[in-house]
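Engineer: Please put together the full structure from these sequences, using the hints given.
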Amino acid sequence: MGAAEAAGSALLTGVAGWLFVGFALLILGTAIAVVWSKNPVHSALFLLASFLLVACVFILEEAEFVGAVQILVYAGGIMVLFLFVIMLVHQRTAAGTPAFQHQWDIALLLLPVFLIPFLYILGTEKFTDIARNPDAFRAVAGRVIGNTEAVSWLMFRDYLLPFEVASVFLLVAMIGAVVLGKRSFEKVD
Amino acid sequence: MKILTPTFLTYVKVLLIVAVVPAIVGFVIVLAERRIMGFMQVRLGPNRVGPKGTLQGLADLLKLVTKEDVTPARAEKFVHFLAPVLAVIPALTALAVIPMGPSIRLARHVSTPLWVADINIGLLFLLAITSIGVYGIILGGWASNNKYSMLGGLRSAAQLVSYEVPMGLSLVAVLLMTRSLSLVEIVMRQDRMQLWFVFPGLLSFFLYFVSGVAETNRNPFDLPEAESELVSGFNTEYSGVKFAFFFLGEYAAMIIISCVAVTVFFGGWLPPFGHVKALSFLHIVPPFLWFLAKVGFFIFCYIWFRSTFPRYRFDQLMALGWKWMIPLSLVNIVIVALAILWTPGRTDGLVRLGWLFGALFLLMFFLAKLRQALARRDRLASEPAGTRQSALKA
Amino acid sequence: MKVQATDWLLLSPELFLTAAGMILLASSVFVGKAKEELFGFLSVLMLGITGVLLVFVSTMPERAHGPILGGMFVVDNFALFFKFLVLLAMVLTVLASVRFVGEAPYPGGEYYALVVFSGVGMFFMASGSNLISIYVALELMALASYVLAGYFKGEIKSTEAALKYFILGAFSSAVLLYGLSLVYGLGGKMGLADLARLYTGTQRTNAIALGILMILAGLLFKIAAVPFHLWTPDVYEGSPTPVTAFFSVGPKVAAYAIFARIFYVAFPKFQADWGLIVALVAAATMIWGNLAALLQTNVKRMFAYSSIAHAGYALLGVLGFQTKFGMWGVLVYLLAYTLMNFGAFALIIFLEAKGYAAESVSDFDGLAKRNMPAAVVMLLFLLSLAGIPPTAGFIGKYYLFTAAMDAGYAWLAIIAVLASAVSLFYYFRIAAAMFFTDGVSAKIPVSYALTAAVIICAVGTLVIGVAPESVLDVLHRCVPSKY
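Protein chains in written order, with this note's numbering: chain A, 4 to 192; chain B, 243 to 636; chain C, 475 to 957.
It is worth saying that the hints were derived from the structure and are not from the lab.
Because the structure is a prediction, the values reported are computed rather than measured.
Positions of the beta carbon are idealized from the N, C-alpha and C atoms, including for glycine.
Please note: incorrect hints may appear among the correct ones.
Said to hold, decoys possible - Under the rule of at most 27 Å between Cα atoms (straight-line distance), these lysine-lysine pairs were calculated in the DSS-like manner:
| hint | chain 1 | residue 1 | chain 2 | residue 2 |
| --- | --- | --- | --- | --- |
| 1 | B | Lys319 | B | Lys309 |
| 2 | B | Lys389 | A | Lys185 |
| 3 | C | Lys663 | A | Lys129 |
Said to hold, decoys possible - Rough simulated footprint, nothing fancy, chain B against chain A, three-plus residues with beta-carbon under 8 Å:
| hint | stretch |
| --- | --- |
| 4 | 72–81 |
| 5 | 84–92 |
| 6 | 146–160 |
Structural biologist: Next up, the structure:
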């Protein structure tokens, strides 16, 4: 276990470690900016940046396939539609309204109540080495293959059922969007 | 030659791509486009600057650089600036994974492959990175604070998202044949199988290239910048260098689409029918030139389409994408998967698939011709000969 | 993992139900609004076939071999019980919807398809034996529910209900997911049995407890326990009434299925962490649910609070999961609750005919004079909800309170009894309105489908109340196995 552990921890030390910290801070920063921005288009752009940075973290962790899919699906597909909708409904006058409602002071008071225990618990936790396998994202049953292959083995073999249920989920999402978005139904008498 | 380390060479290659591609766009493609379109439309095209107009690119560049950089009064300044950058960077980044030829020798013991990076997820990376390019157009349209720009941006968003789906799906069908996402491996496999994937993937190629044309907002899918409706579409409020960036982004995207088409479907740097003894003299031409020639052909196709096809209407565009391309590409995946499933581990299935698609293609071609001829006969029969003549004269 | 031939058979009810949803969806292209009852009968037919398939699956000996599909899907008696219960809720919903949706200017095919897809999610929830499959199934159910809540999109309250349900549901899902990710990240396992093996009690760390508590919070949101109940009254009030009736039984029952399974199978050793919290939540739920219901004048809101209170009673059984009556009581109670609560809602739908709303309690005025059978049946459901013998509600409550006593939560049982006593007040307000007040004497049109639903509920409530032995015996075999 010693060598593997050393290799595993080497994944996030040195330059890679600092990059991870940098990306993580940037993700947090852009995520806060999403909420903070008064202009919805700016929020969407920060969200886009956040997605791209998450993809960077995936690639840093040698999960290239997941990183590329993250960009392709979230940045290239979902966010484009987000922007599309925001631009269609967005009025420039809305930009002047405050980004927060009146509950923000209560939220600020409650924040440390949740944050401090979280930080304490996660900070003092001794994490086990299960996730520190350097080939965790590239190997299936001990055999090292590419990340793409590893993901597909997992997805179509071990996690086939959730994958298929997720496809029904997307179908329902589509039906729902059409049903709710369609112009009112003309009653046929 | 200590200096020629792989890392250093990679930097050199990156610099070359970033420097040379814009130059090619500016000096070669634009000039070629204008001259070829001139030829097709029976006019001259630019022929004043330099011998036969060869320095027209330089003149255009000077003009764009020296122009005033105008930002509309109530535009979103930063986003307005960001948009053209977002249009160019993804397109140039994507070139990093395109293999333009096998290794070449630079000096003794030093050779380098003609690609910047051969990554495991090459094709997916390309799709992902090029899908970012749409933001340049959408944001440019939005930030300009101009109705026409906005409409152009919105059209572009809808169009690109719609056509990304058949594009991705058509490549999925090819992936079943290539069994790898690495572009280098895809070329190598075509070499080993002695078969370009365009034959078994004829339908894929057709779907890919049509979606590719739509993805790059080129004729007949250039609705985001339809002059007759939207002034100049998303780039109405752009001038000077920012406009040049949009311009460069569009052409770089064309190059990418052509490069991927060549790599995935047309054997990359391989000469045609390289395994046929009688054609072995084709190996004399360096692989890089084969690659360049093939890419050049597709760029020519782009120009050819532009001067040939009328523009789609927006609803036609959407109908084509969603009602034809996507179902067709799904059917295509099933067909290819079945062909591979029924002849596992061999190329027979793919070859037969190639024949099948070829026969279908020919059949459809002749059916279309027949229909055209019949329609023409009907038209001639229904109209008196005299009116037709007079209409032609008028 | 290899998919066996028998796996397909074990999955057949779910597969068929998914296909049924798609058939309904596709057939809505061909069937116009005028012939919409067809969808109702088609749905009932499909659900009947699913029921037959479930019976077939329950006879398969392969069920005993443990989870299939790589530990994702388990077909034990517990899962089958919940599937039958969900199926019952769906049949009742469809029957109650036929007239209601038919009269509304909205398409019918998609409505029934969404009910069916929601049911698919619940089926997979009942059978989920892995955190990821449970979560995905939960989301499938929830998404279909969000759309159903806003199905009457011309009515602003329906849209409001959908929006509130969606936002709070998504929020609770996020909390749940964070908890799941903590539990997974710490142990690297997502199968419930694997988790139980991993955490035998000695390796308790604060982070795991945190993850479990967040899962708990997410699930309490789904079953609408105080203080995670705030969405319930608005959603129940705004949704189309058959959908409200569906929400009050279907998703709640399914959420209880995963709640019980996760905490019973995966984290029983952590009871020290979640026991007291669940006890406090149960107490708060019973007290607040019943007290708030007292103040309501809108019937749908009143029953929303009533269903919150009932979620609190059922938590007693989860608390006493180690005793004989714990899980058994939950099953008995959920069966009884489904019948009686849906029955009550069916009566509200019955009153809510064209041009006549069953919004406030006064709309029940003089029901006895207008339609004596309806009033009597409603009285039966109210008695059962209040927990008065000889009805199903009494049996269920008796088991739950016994479980709480046995598990050492005597104080909670006392609170439960007191809260039940409070509930009598508001249930009898409706009863008094029906029998002792004069109301308008409009004739109420009768829908045969709805009448069928009411009869099913009434007969079930009475049979369980009068002759519980047969049912109890079957349910005792449905207590989850530890596999």
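Engineer: Does the structure break any of the earlier hints, and which numbers would those be?
Structural biologist: Structure breaks no hint.
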